[in-house]
Amino acid sequence: MDAFSEELMGFVQKDNQVEASKDPVPEIHLPWLSQHIQSTGSHGQKGTNFAQTTSICLNFIQEALLKHQWQRASEFLQCYLQTLEDINSQKRQMAPEIIWKLGSTILYNHPKSNVETFSAFADRMKNIGVQNYLKISLQHALYLLHNGMVEDAYRNLNQAESWRYGEMSASQEKLIKLIQAYRGLLDYYTWSKKRTEVSSFDMDGFATNAATQDMHSYFRQASVNLHEIIKIPGVWDTFVKSYVEMLEFYGDQDGARQVLTDYAYDNNFPSNPNAHIYLYKFLKKEKAPEDKLISVLKILHQIVPSHKIMLEFHMLLKKSNKEEHHKLGLEVLLAILDFSGCTENITAWSYLAKYLKQIIKGKHREWVQEGWSSRKDWWPTFHFSYYLAKKNWKENRILALKKAFTSGILLGKVKHQKIILSSGVGRPMFESSFCLLLAE
Amino acid sequence: MDFPDNLFPTFFLPGPPGLSDSPASYLAPAWSDYMQLLKPPQTQDPSINPQHEASYVTKWGRWKSDTPGPLPFLLPGADPWDPELMSQDLLFRGRVKQPARAKATIDVIEQLNHFLWDHGDIAFGPLGMLLQENFNLGEKKKSRKNKMVMNTEWLLRDLNGYQPKGCPWAHLSTRQRRFSLLGGTVLGEEVENLLGGLLHEELETRWKRLLLDEASTGGALGWVPGAKPHHGQLVYPTGRAHDQLNFQKVKLSPTNEPQALGDPSHILLRGPVRQVVTRTIQGEALVAVRSDHHCALWKLEHRGPPEPLQVLEMEKEATGISLSPHLPGELAVCTRSGAVCLWSPQHGLQQIHKDPETFVFKDPSSWRWADFTAHPRVLTVADRTGLRFADARAPSDCGELLFRVGAEASCQRGERVLLAQYLGTPDPLPLSPTLHLVCTQFSLYLLDERLPLVPLLKWNHGLLSPPLLAQLLPPPYPEAPLPLLLGGLGGHLRMLHLSGLAAVVPPGCPSPTMLLFQLSAAGDVFYQRLWLQPDTSSESAGSPSTDHAEDLGLNSHSQTSATSSLGTVSEPSAVSWKPRAVACCRRWLKTLLQVPPTLPSWTPPTFSQHHLRWLKEENKGKVQEGLRAAMAEGRLLLQGDLAPLPPSDPPPAHEPFGTEDKLSERLEASWERKGAIWWDGQRDGSRLPRKRQSREKRRTQLSSSFSSVRSTSDFSDVNSPLPHPPKTPSPLHRMSETSQSLELSQELWVKNIPRERRQTLRDYLAVLPSPDSGNCSIPQFQNPSSQSLSTSEPGKCSVPCSQNPRTQTLFSPLPESYSAFYSQNPNSQSLYSQNPNSQSLYSPEPAFNSVFHSQNSSIQKLPSRHTPSLAGSQPLRKKPRMGF
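Top to bottom, those sequences are chains A and B.
Just so we're aligned, residue 1 is where the first sequence starts under my numbering, counting upward by one.
Just so we're aligned, residue 1 is where the second sequence starts under my numbering, counting upward by one.
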């Protein structure tokens with residue numbers, strides 16, 4: 001009993017958001033717990049009046065935000081600023097971040113807010129405490145970008161990058177890299193603009209030369225920063241694409257390929273289908289051998305079998321000379337149709353119908369059996385049910401025909417079968433749709 | 001399926017949750033999250049094409065409500081409802097010595113006090129069994145043969161006048177004093193040790209449930225669209241024990257309020273309904289229901305009663321059930337043992353995952369949740385620490401993680417998964433069918449299964465109660481964002497305890513309308529109509545950048561909106577209660593308030609065994625009847641039951657249910673000096689005060705959770721698959737339990753009872769009616785299901801449930817594990833016989849048995865092993881429950 005009471009006390013002592021490390025850790029830290037306890041009420045004081053008013057105020061702001069009452073929220077926020085002077089040091093430290101989050105949300109949505117107000121607020125908040133300078137700077141820059149103010153955003157990022165305060169923590173270092181990467185991206189935009197300018201210049205000589213020089217310098221600035229960020233695990237689609245585009249422009253094909261390969265195959269990175277697509281498209285543009293292309297898509301097939309590029313993969317495999325590729329070609333098609341989002345993909349069905357015919361002609365019936373064996377227990381209900389046959393026939397006759405043909409092969413039904421119309425589960429589609437066709 | 005070409009830049013830094021300064025958290029709340037989903041800067045100069053997306057409000061309008069709050073949809077049920085346990089009930093409320101260091105403490109003494117009063121049989125039963133060998137309740141001569149047996153007759157007589165409740169001035173006889181001195185230490189310790197542990201366990205579970213009632217994850221209100229566009233059915237549980245599943249037909253109207261068509265048809269289940277899942281696939285409407293140890297599946301026909309398809313029984317508590325959005329009838333069930341099973345009509349049960357450990361880091365919670373993915377053979381399994389794929393084609397423990405409570409999603413310390421839901425449906429929605437929703441106590445995450453571990457969206461939901469319900473709705477307009485409803489269990493949206501949430505979009509309305517049905521914890525259904533109001537221009541007139549947080553561009557082509565502001569969308573001044581709504585509320589309240597305010601408070605009984613056993617002969621018949629009636633009704637034996645009522649005696653005060661007619665009837669009867677006869681007639685008609693019934697019902701609910709244990713061991717002699725109903729090991733309530741154990745001992749006594757005990761028993765049994773004598777056997781073995789039926793139809797209490805063709809009764813288990821429910825009702829077929837496929841999720845595992853023994857060992861070591869006793873059924877209780 002004692003242990004439990006202690007545990008309970010641990011609950012109560014806990015602050016609303018902050019967990020003190022020495023308390024026994026409850027199973028789940030619940031934000032509504034403190035309300036539970038407070039509602040019991042009668043044991044001792046609830047806390048200081050200050051803490052009470054700020055917490056009530058915070059609730060009001062959050063409620064107003066949910067109701068999109070921006071004006072009301074902003075009025076309450078003015079009162080909430082007193083948390084900056086909270087005697088509880090933990091709360092005091094958290095305060096600027098909470099205020100920034102609330103305030104930026106309000107200013108982002110308030111009908112009378114404008115960029116100047118937002119910037120003024122951001123500049124003020126940046127300098128309260130040291131913790132949030134970089135975060136707020138980055139968000140500020142993104143806000144400016146969102147409003148199309150590229151130059152201001154660039155200036156802002158530049159400023160943030162040069163900010164120094166004592167030793168940087170590991171996370172701040174990463175944040176600086178992200179800020180630099182965004183700056184690099186803006187450099188890339190400028191580079192991209194210059195490139196179109198240069199290519200449109202008719203005149204030769206000094207002007208072109210200067211423009212090209214200018215362009216190069218932007219490339220150098222951008223590439224340094226972009227190169228840094230894509231070494232850190234993350235999702236960097238835009239950065240990688242921009243970097244590769246510049247490398248390609250300067251003829252560094254090997255470098256570009258290396259970047260893309262690392263981005264796709266580094267295990268520390270999240271499994272991002274786009275990384276594989278970028279690599280595939282690059283190799284395709286490079287006119288890489290088909291085996292190479294197939295190996296890239298084979299990995300993507302294992303990760304995301306439902307990707308739309310899998311149809312292209314199927315055609316590649318079909319064209320290949322190797323028999324194992326032909327076999328994989330069937331599996332790729334079947335795997336696409338496994339997914340609920342692809343059930344009405346006419347291309348996939350017509351590919352499958354055609355390919356099944358081809359395989360059976362080529363005397364590889366065992367491939368079909370192999371692919372079918374893991375699906376025979378659910379495909380009939382999933383694809384070929386009576387309900388779906390009727391629905392497909394009503395909505396898209398071509399699809400219905402393709403499916404009917406495929407089901408005929410897969411389910412091994414003979415034509416002119418006796419018509420059985422019943423709404424049972426798992427009624428093969430072939431029978432019904434075929435009979436509908438005959439009735440036409 | 002399309003995958004976005006460009007994803008928003010983000011770090012991917014694995015690590016434990018709570019690294020609050022991790023760079024990933026810089027984009028934590030509100031608009032920055034929404035930024036995350038905006039298209040990243042395009043290749044062309046961003047200044048040329050700044051991404052001004054039209055404001056959500058300008059584009060789609062905003063959901064508004066007709067009324068400031070939800071309106072009652074159905075009249076309140078007949079069952080009274082006591083508010084559930086609150087933290088106040090558990091916490092110590094006395095004066096704290098040092099207010100500065102005030103702490104919440106659980107009031108153990110108060111709880112123990114309650115427990116001893118309410119469950120004396122559990123508390124003192126084992127002691128009784130201990131003493132039984134050496135104490136004699138009043139036999140005169142035979143006991144002298146054995147000097148070890150002591151006659152307690154005088155001790156009992158002394159106790160007769162003793163008023164409990166700890167009066168310090170109570171008179172103590174020498175005998176009592178001696179007894180307490182001799183036995184006190186031993187007996188006291190036993191009670192203390194045993195109860196202390198059990199009470200601790202119980203309080204702990206109660207407290208945890210108070211903080212997070214995880215059993216109700218998913219909600220218990222379902223909507224099944226009907227054949228006609230404006231018709232449908234609500235499926236929800238009612239009853240004190242939430243054990244009556246109702247199917248209420250509803251007619252929707254584009255402009256008026258929804259109408260309930262007739263009375264609901266209902267099915268009585270053996271346990272409380274925790275979750276109701278509905279799904280219509282390929283034209284088949286299915287309802288899956290999760291109870292603690294049973295899951296069941298029904299198919300709804302447009303006409304006729306729901307057709308039961310399958311019942312699964314679980315040894316361990318089921319924590320989640322979900323119906324496949326791809327294949328009709330397929331469902332996934334997960335239990336506290338960490339197992340996830342897939343059941344399909346064709347292939348029966350298949351275990352696809354089993355891991356008692358949590359995925360990411362160690363967490364004590366055994367909560368599991370399973371749902372489907374875009375691939376019909378791949379499931380997601382969730383625990384408190386993350387979400388993982390489980391492939392039904394290759395069952396293994398090592399599927400890929402889809403979500404992890406950690407630094408990748410910039411989770412806070414202590415953050416845990418509370419709900420995981422697959423958002424895809426087979427309907428052609430403008431949303432990729434690969435999205436999954438994960439709710440924690442702080443945030444909502446949206447994940448694409450093709451990009452595991454990297455949330456597409458994180459949104460701080462700010463709910464002050466656990467978000468345990470979520471529903472994605474079809475778009476109000478073509479191409480409009482999909483509303484996503486998120487319901488907290490305890491009132492952040494509604495100030496109502498939500499047990500269920502079902503939203504319906506009636507087709508063919510002039511303006512997009514949404515009907516929001518809510519189920520309260522008391523089992524009442526409420527509704528609220530929301531309609532999409534076109535833009536009010538004042539909002540977006542200011543700057544061009546007034547996007548709202550709801551404008552979440554997803555996957556470049558689809559959008560979803562987290563309508564957090566639902567129910568609170570309207571400005572307070574904008575909406576007011578219309579007279580019609582007020583009238584509706586008033587009607588509802590009137591019905592509700594017909595329940596009497598308070599009944600006289602309970603006082604401890606003062607009759608003594610002495611009076612019971614040494615009654616005069618002429619009174620015996622009356623006493624027999626009274627005792628019999630009391631036992632049948634499962635209530636306390638009152639003085640009035642033992643002695644004949646004086647003819648002019650007024651009926652007890654707590655019978656306020658008689659209508660005016662009854663009152664005059666009664667007055668008339670007493671005028672003619674036939675008041676007692678009239679009164680007896682009323683009592684036999686079992687017009688019980690509602691309070692008592694509800695108490696019984698609660699017991700039913702409590703004891704029903706033990707019955708699965710009973711079924712395997714206690715009643716192992718009942719072997720036939722469909723035993724005769726009166727022999728049914730029904731979930732017993734307390735009083736009939738006693739009668740049953742007496743009944744048992746009557747059968748067994750010849751064999752097992754020591755000779756010196758037999759006389760005592762004979763004496764007892766002489767007082768009791770024989771089980772087969774006359775009409776009393778019916779109430780004595782009355783099944784709890786028919787009792788609860790009588791609750792719903794107060795006028796027809798005596799009608800057995802089989803006469804109600806609309807009621808199917810599914811109740812108590814057979815000893816065989818596969819026959820989870822069966823029906824007593826001749827009209828409804830037995831599920832078992834109808835469905836040979838039915839099977840239990842797990843055959844009784846040795847592991848489970850050992851757990852069971854260890855849980856009971858503390859009690860079982862107490863009763864002597866030599867004799868079966870009056871309280872013989874007690875040790876088989878899995879865990880005593882307390883009525884707080």
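Derived by calculation from the structure, the hints in this document are not laboratory data.
Quantities reported herein were computed from a predicted structural model and do not represent experimental measurements.
It is possible that part of the hints are untrue.
As the list claims (entries may be wrong) - Derived CB-CB ranges, DEER-like:
| no. | chain 1 | residue 1 | chain 2 | residue 2 | range |
| --- | --- | --- | --- | --- | --- |
| 1 | A | Ile56 | B | Cys585 | 55 to 61 Å |
| 2 | A | Glu75 | B | Glu307 | 57 to 63 Å |
| 3 | B | Lys64 | A | Asp377 | 21 to 27 Å |
| 4 | A | Gln52 | B | Lys208 | 47 to 53 Å |
| 5 | A | Asn127 | B | Gln351 | 41 to 47 Å |
What the hints assert, rightly or not - Here are the simulated DSSO-like cross-link-like pairs (lysine-lysine), alpha carbons at most 27 Å apart as the crow flies:
| no. | chain 1 | residue 1 | chain 2 | residue 2 |
| --- | --- | --- | --- | --- |
| 6 | B | Lys354 | A | Lys376 |
| 7 | B | Lys299 | A | Lys391 |
| 8 | A | Lys361 | A | Lys394 |
| 9 | A | Lys284 | A | Lys318 |
| 10 | A | Lys390 | B | Lys228 |
| 11 | B | Lys64 | A | Lys390 |
| 12 | B | Lys228 | A | Lys112 |
| 13 | A | Lys361 | A | Lys376 |
Every residue gets a Cβ at the ideal spot worked out from N, C-alpha and C, and that includes glycine.
>> Hint compliance check: list the failing hint numbers for this structure, sorted ascending.
In response: 1, 3, 4, 5, 8, 11 and 12
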